[in-house]
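Asks: Quick note: the first sequence, position 241, residue 241 per our numbering, numbers continuous.
By construction, these hints were calculated from the structure, which means they are not laboratory data.
There could be a bad hint or two in this list.
Dumping the calculated DSS-like pairs for lysine-lysine here, alpha-carbon to alpha-carbon at most 25 Å [stated by the list, open to error]:
(1) K197 with K153
(2) K54 with K153
(3) K151 with K197
(4) K119 with K263
(5) K273 with K151
(6) K197 with K273
(7) K95 with K119
(8) K197 with K149
(9) K54 with K119
Everything numeric in this text was worked out from a predicted model, so none of it was measured.
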Amino acid sequence: MPELPEAETVRAQLEPQIVGQTIVQTWARLPRITLPDIENFVARTQNQKIIAAKRRGKQIYFPLESGDNLLVHLGMTGKLHVENGSEFDPESLHKHIHGVLLLSNQTRLVFTDARTFGKLAVSRELPFLTQMGPEPLDEDFPAELIAQKLKKKAVRIKAAILDQTLIAGLGNIYADEVCFLARIHPETRACDIPIEKLRELISFMRPTLERAIQARGATLKDGGYQDTFGNFGEFIPQIYGRTGDACDLCGTLIQRGVLGAGKTARSYHFCEKCQPAKWALAGR
DNA sequence: AGACGTACCTGACCGC
DNA sequence: TGCGGTCAGGTACGTC
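Start from the sequences and build out the full structure, keeping to the hints where you can.
Replies: Now the structure itself:
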C-alpha cells in the first residue's frame with residue numbers, strides 16, 4: 001500500500017510528465033472522495049497551470065498557478081498514471097477511475113482507486129504541512145526529540161510510529177520493518193522501551209525508506225501498488241507479509257499478530273526470537 | 001489530552 | 001458454480 005516511498009516514487013515520476021502543463025479539463029465522479037465537492041474541484045483545477053509536484057508524508061500535492069493546490073492521497077489502492085489522449089468518454093471509463101485531468105500536451109492524468117480510501121482535493125490551505133510530524137528523510141529530522149516523545153507514550157510502539165502527527169510517512173509495511181531491524185516487539189508499549197533502543201529504532205527509518213524509494217516502493221502479494229508506469233515496486237520486506245517464512249536472521253518462522261481489535265485491528269509481523277517480548281505486554 | 005474504538009470500502013481469497 | 005464470511009489498512013472522528 002502506498003506509504004512514503006510509494007508516494008515519493010509517484011511524485012518523482014509525475015514531476016517531469018505534468019509540471020508546466022495546464023489542466024484543460026477536469027472530470028470527477030465520486031463526491032465522497034472529492035473535496036470540498038466535485039463542482040469546486042472541477043472549477044478550481046480547470047485552466048490552471050501545474051507549477052510543481054510535491055509530497056509531505058504520504059500526501060502528494062501540486063501547487064497551481066492560482067495559489068490553489070491539487071491534492072491526491074492514494075489511500076490504500078489509489079494509483080496515478082499519465083496516458084496519451086486529448087479526449088475521453090466518461091460513460092465508458094472503467095469503474096475504478098474516479099478522476100481524469102486532460103492536460104495541455106494531449107495527455108491525461110488519471111486517478112484510479114478500487115477501494116476508494118484515497119482522496120482528490122483542491123485547497124488553498126495546506127494544514128497538513130504543520131500538523132504532520134517531521135519527515136524522516138529531512139537532514140534536520142529531530143531524532144532525539146522524537147525519541148523523547150516516544151518515551152512518554154503508553155501506546156504500543158507500532159501504533160505510535162504509525163501516528164502521522166508524530167512522524168510522517170510510515171505505514172504498516174515500514175513500521176513493521178523498522179521494528180524488526182531494531183529488534184523490538186511491535187506490541188511493546190513505547191514508554192517501556194529503553195531510550196537508546198528508541199534511538200536505534202528511529203535511526204533505521206531513513207535508510208529503510210531510502211532503500212524502498214530506490215526500489216520504487218513495495219508491492220505485496222495483492223499487487224495493490226503500482227507506480228505511474230504500471231510497474232510493481234521492487235522493495236522486498238524482511239518481515240511484513242512474510243508470515244510462515246523463515247526469518248532472514250535466525251530462521252525462526254515469522255509470525256503474524258494483531259494490534260487492537262474489531263474494525264480497528266491492524267496486522268503486524270514479527271520474529272519471536274529476534275523481537276522477544278522482553279518489555280512487551282507488561283500491563284496485560 | 002491521550003488512548004482507544006468505530007466507520008468507511010470492495011477485490012481477493014477460502015471453505016462449504 | 002455459487003455464496004457468505006473474512007481479510008486488507010489510511011485516516012477522520014467519537015468517546016472516555
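Asks: Each hint needs a verdict: does it hold in this structure or not?
Replies: So, going through the hints one by one against the coordinates:
1. K197 with K153: Roughly 15 Å between the alpha carbons, so the hint for K197 and K153 holds.
2. K54 with K153: violated (31 Å)
3. K151 with K197: holds (10 Å)
4. K119 with K263: holds (21 Å)
5. K273 with K151: Since the Cα atoms of K273 and K151 sit roughly 24 Å apart, the hinted pair holds (cutoff 25 Å).
6. K197 with K273: Satisfied, since the Cα-Cα distance of roughly 17 Å is no more than 25 Å.
7. K95 with K119: holds (16 Å)
8. K197 with K149: holds (14 Å)
9. K54 with K119: holds (16 Å)
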